[in-house]
Amino acid sequence: QVQLVESGGGVVQPGRSLRLSCAAFGFTFSDFGINWVRQAPGKGLEWVALISYDGTDQYYADSVKGRFTISRDNSKNTVYLQMNRLRGEDTAMYFCAKGDGSGSGYGIDVWGQGTTVTVSS
Amino acid sequence: QSVVTQPPSASGTPGQRFTISCSGTSSNVGSNYVHWYQQLPGTAPKLLISRDNQRPSGVPDRFSGSKSGSSASLAISGLRSEDEADYYCSVWDDSLRGTVFGGGTQLTVL
Chain U
1 QVQLVESGGG VVQPGRSLRL SCAAFGFTFS DFGINWVRQA PGKGLEWVAL
51 ISYDGTDQYY ADSVKGRFTI SRDNSKNTVY LQMNRLRGED TAMYFCAKGD
101 GSGSGYGIDV WGQGTTVTVS S
Chain X
1001 QSVVTQPPSA SGTPGQRFTI SCSGTSSNVG SNYVHWYQQL PGTAPKLLIS
1051 RDNQRPSGVP DRFSGSKSGS SASLAISGLR SEDEADYYCS VWDDSLRGTV
1101 FGGGTQLTVL
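Note that the protein sequences, when read in sequence, are chains U and X. When we follow our numbering, the leftmost residue of the first sequence carries the number 1, and every step to the right adds one. When we follow our numbering, the leftmost residue of the second sequence carries the number 1001, and every step to the right adds one.
Okay, chain U solo, but in the shape it has when bound (with noise of 0.2 Å):
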């Protein structure tokens, strides 16, 4: 069955960075774009990142454009986002999620449950 499965979300001092993990499994992964989709505490959806099957196309969101990194290792299947400069708006539930297509303008089928970062002195 087709899983997604986020790691490496914690506490992390402002302006610092952390890197998020994001397992494949169910899926020919190599043919799917995956994205980033945060979601502030009792706030909406934001979405943040989006990469493209093969790697060579990455879409950003303006907030975080410049500090925060999507790339893939279709090797092993997974996902990554470098975050760097982390502001407290940073903080949020992130999660990764399946495209529906291979890259760009799909929509999303499959989300993961989560993992939550929090930006704090």
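Everything labelled a hint here was simulated from the structure, so no lab data went into it. The beta-carbon is built from N, C-alpha and C at its ideal position, and this holds for glycine as well. Some hints here could point you the wrong way.
[What the hints assert, rightly or not] Lysine to any residue pairs mimicking SDA-like chemistry, simulated, CA-CA at most 25 Å apart: (1) U:Lys65 x U:Ser104; (2) U:Lys43 x X:Ser1009; (3) X:Lys1067 x X:Leu1079; (4) U:Lys65 x U:Val11; (5) U:Lys43 x U:Gly9; (6) X:Lys1067 x X:Ser1009; (7) U:Lys43 x X:Leu1040; (8) U:Lys43 x X:Thr1105; (9) U:Lys43 x X:Asp1061; (10) U:Lys65 x X:Leu1079; (11) U:Lys43 x X:Thr1043; (12) X:Lys1067 x U:Glu46; (13) X:Lys1067 x U:Gly103; (14) X:Lys1046 x X:Asp1083; (15) X:Lys1046 x U:Met93; (16) X:Lys1046 x U:Gly105; (17) X:Lys1046 x U:Gly101; (18) U:Lys43 x X:Gly1103; (19) X:Lys1046 x U:Thr116; (20) U:Lys43 x X:Ala1075; (21) U:Lys43 x U:Arg87; (22) X:Lys1067 x U:Arg87; (23) X:Lys1046 x U:Arg87; (24) U:Lys43 x X:Gln1038.
[Said to hold, decoys possible] Covered stretches of chain U (chain X as the covering partner; in silico rule of three or more C-beta atoms under 8 Å from a C-beta of chain X): (25) 10–19; (26) 52–65; (27) 111–121.
[Stated by the list, open to error] Partial list, derived from the structure: chain U residues whose beta carbon lies under 10 Å from chain X: (28) Tyr80; (29) Met93; (30) Ser104; (31) Ile108.
We have chain U; now place chain X onto it with these hints.
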């Protein structure tokens, strides 16, 4: 504030037919597929409707989607107490070159 607009809250009674709107522009809803998600309290979102009106297997046929121009709608017929949740639309935006989510609609079943 999201570029795609949903009503923030709504309420209905059991058995009622209910719709949630998702309004956008020609760069998003007007030119790309809209998707709908249900998020129950304390859980991850779940896909309800993909590509404007496609219902994934396992989603009850009480849920349906439609789109006209730059507006889309999610309809729930025969409202049930277990439908009480947050509902989000999402769509790719050609100008922003990213996915945008509506602000979400919190549905209360009275």
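*So which of the earlier hints does this model not fit?*
9, 10, 22, 23, 25, 28
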